[in-house]
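Enquirer: All chains, please: the whole structure from these sequences, using the hints.
Using our numbering, you'd call the opening residue of the sequence shown number 1 and step up by one each time.
Treat the hints loosely; a few may be bogus.
Restricting the straight-line Cα-Cα distance to at most 16 Å, the calculated cross-link-like pairs of lysine to aspartate or glutamate (EDC-like) are [stated by the list, open to error]:
1) 128 with 187
2) 127 with 166
3) 179 with 169
4) 128 with 169
5) 179 with 132
6) 128 with 105
7) 127 with 105
8) 127 with 169
Ranges between beta-carbon positions, derived for each pair [said to hold, decoys possible]:
9) 384 with 183: 49 to 55 Å
10) 175 with 307: 33 to 39 Å
11) 76 with 378: 48 to 54 Å
12) 34 with 348: 21 to 27 Å
13) 31 with 318: 37 to 43 Å
14) 183 with 131: 21 to 27 Å
15) 321 with 116: 20 to 26 Å
16) 348 with 183: 18 to 24 Å
Honestly, the hints are just simulated from the structure, not real lab data. All C-beta atoms in this analysis are idealised placements derived from N, C-alpha and C, irrespective of residue type, glycine included.
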Amino acid sequence: MFRNSILAIGFGLATTASAQFDGFALYNLSNNTTARLINASQQIAYTWTCPTNFSYAMALKPNGNLVRSAVNSGNQINTAAVSGRVQELNPQGQVVWDFIYSTADYVTHHDICLMPNGNVLLLAYVKKTVAELQALGYTGASAKYPGRIIEIQPTGSTAQVVWQWEMLDRFIQYADAAKPNYMPIAENPHRMNINVSVSGGAGPGGIDWFHENGIDYNEELDQIVFSARYLSEIFIIDHSTTTAEATGHTGGNGGRGGDFLFRWGKPANYGVSGTQRITAAVHDPKWVKGGAMDGWISFFNNSGGSGNSSVVDAINPAMDGFNYPWTPGTVWGPNTYDFRHQCLANASGQSAAELMPNGNVFCAVSQQYMYEVNSSNQLVWQYNAGPQKGFRYTCDHPGIITLLNDPCGITTEVLTEEAAVSFGMFPNPANQQVSLVGVEVETLRAYVVLDASGRTVRRQLPDWTIDVSTLPDGVYTIVLEHSTGDRQSRKLVVAH
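Expert: Okay, here's the thing in structure tokens:
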């Protein structure tokens, strides 16, 4: 489907190469100035040391830079996992761009999601007074922080908001016919009951209302998934809308504007009887990328197992185009999880997991440790660090190749042996023109560019250069076809 970062790290356990997942793990501890990239042998491959503290999440870009949430020193809202700042850092830890989203009325918090186009999705708390909420039919008596999602686009030394979604625009109520959006809750699960019961740290009168804490993006569907701890639910919304459409209930690929396309975990939240599958906290929802469960949605279900133990669940919801069918009066399917991994340790909060393309499961259990099991549930890696999240990158990730100078030999590997003559490409990684060197021009018939899935994205007559300026970031295979029938190939990394 598509490739992205995945969690992993080992702790020196004896294992066969086939059981391991190649690459590196990136992690930091909250409110710490250091982030580390660790290789499969538990060696520190790279360290970022910054003048200000990291917050909850980060991501490695294809060019080897790091995008991170940072703790802003001037935050006026202080609650769970507040950051207020996002930065891109180069390999030396120098700031490329710096964006602050923090006032007395809003602040970013928890997770970030680096999008394929280089933009970043952020979660934010938005302060609303009790009077503002009661005007919408809220029956409570305290101010709250309904959630906001923003997309920012880097613009030189800072960034700007280019898209926005508000939980406030989803609210309905069935308490006061004289107030706006008065409608039956059970008939409108694509909206949010403003008087929904919540659990967790919000409590009666708690200002941290739904506690959105994890976010991911699916480029193919142009959709966003996010989790809300105090609702014990995950949600999918449409990103193909404009910001104006996202405030309403029509428009976008799904035709519902900013309303929920899908929700799962606690049917009582939308007034339907059914088993609560996410029993308490939930974290780190994401689309599975590759393997047998490609396109499924996984999440860390902190207390979803027997005896309130931690599990990693995955579901494969039915789709109709860009929508997720729902039958009135019933639970949004599937009725239960389609995959479950019983975690080896428990955590009541934070944590993350990834279903790997090779069938392995990686878990970062907060305040415990990180580990990986294979498809037979055998422990193959363990590392005694328990960050709030961890991020794993395979050897062929462009950021790894650029940052660590191709540590696994991806760009120098000769993939075929039909031709004895070798060739080279310069530069590699590249973002504009690539020059071919050492090529037998007399017999060269054409070259073919294959993407990571093996799909031909370009076929061209012989030339000394290859233009990659319009190719998306990623790892490609350049195949030279000779009139003699010989074929040569090498890996090329495109990183803009």
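Enquirer: Next, verify each hint and record whether it holds.
Expert: These are the hints, each one checked on the structure:
A C-alpha spacing of about 27 Å is found between residue 128 and residue 187, which places the hinted pair above 16 Å, so the restraint is violated. A distance of roughly 12 Å separates the Cα atoms of residue 127 and residue 166; the hinted pair therefore holds under the 16 Å criterion. About 14 Å separates the Cα atoms of residue 179 and residue 169, which keeps this hinted pair within 16 Å; it holds. With a CA separation close to 13 Å, the supplied pair residue 128 and residue 169 stays within the 16 Å bound.
Using a Cα cut-off of 16 Å, the hinted pair residue 179 and residue 132 holds, with the two alpha carbons roughly 12 Å apart. Straight-line distance between C-alpha atoms of residue 128 and residue 105 comes to about 8 Å, which keeps the hinted pair within the 16 Å bound. Straight-line distance between C-alpha atoms of residue 127 and residue 105 comes to about 5 Å, which keeps the hinted pair within the 16 Å bound. With a C-alpha separation of about 14 Å, the suggested pair residue 127 and residue 169 falls inside the 16 Å cut-off, and the hint holds.
Our hint of 49 to 55 Å for residue 384 and residue 183 holds, since their Cβ atoms are close to 52 Å apart. Checked against the given bound of 33 to 39 Å, the beta carbons of residue 175 and residue 307, roughly 37 Å apart, stay inside it. Residue 76 and residue 378 have their C-beta atoms about 49 Å apart, which keeps the hinted 48 to 54 Å range intact. Roughly 26 Å separates the CB atoms of residue 34 and residue 348, a value that falls within the hinted 21 to 27 Å.
At about 42 Å, the beta-carbon gap between residue 31 and residue 318 stays in the expected band of 37 to 43 Å. Hint check: residue 183 to residue 131, Cβ distance near 22 Å, so the stated range 21 to 27 Å holds. Distance hint for residue 321 and residue 116: a CB-CB separation of about 22 Å, consistent with the stated range 20 to 26 Å. The hinted range of 18 to 24 Å is not satisfied by residue 348 and residue 183, whose Cβ atoms lie roughly 35 Å apart.
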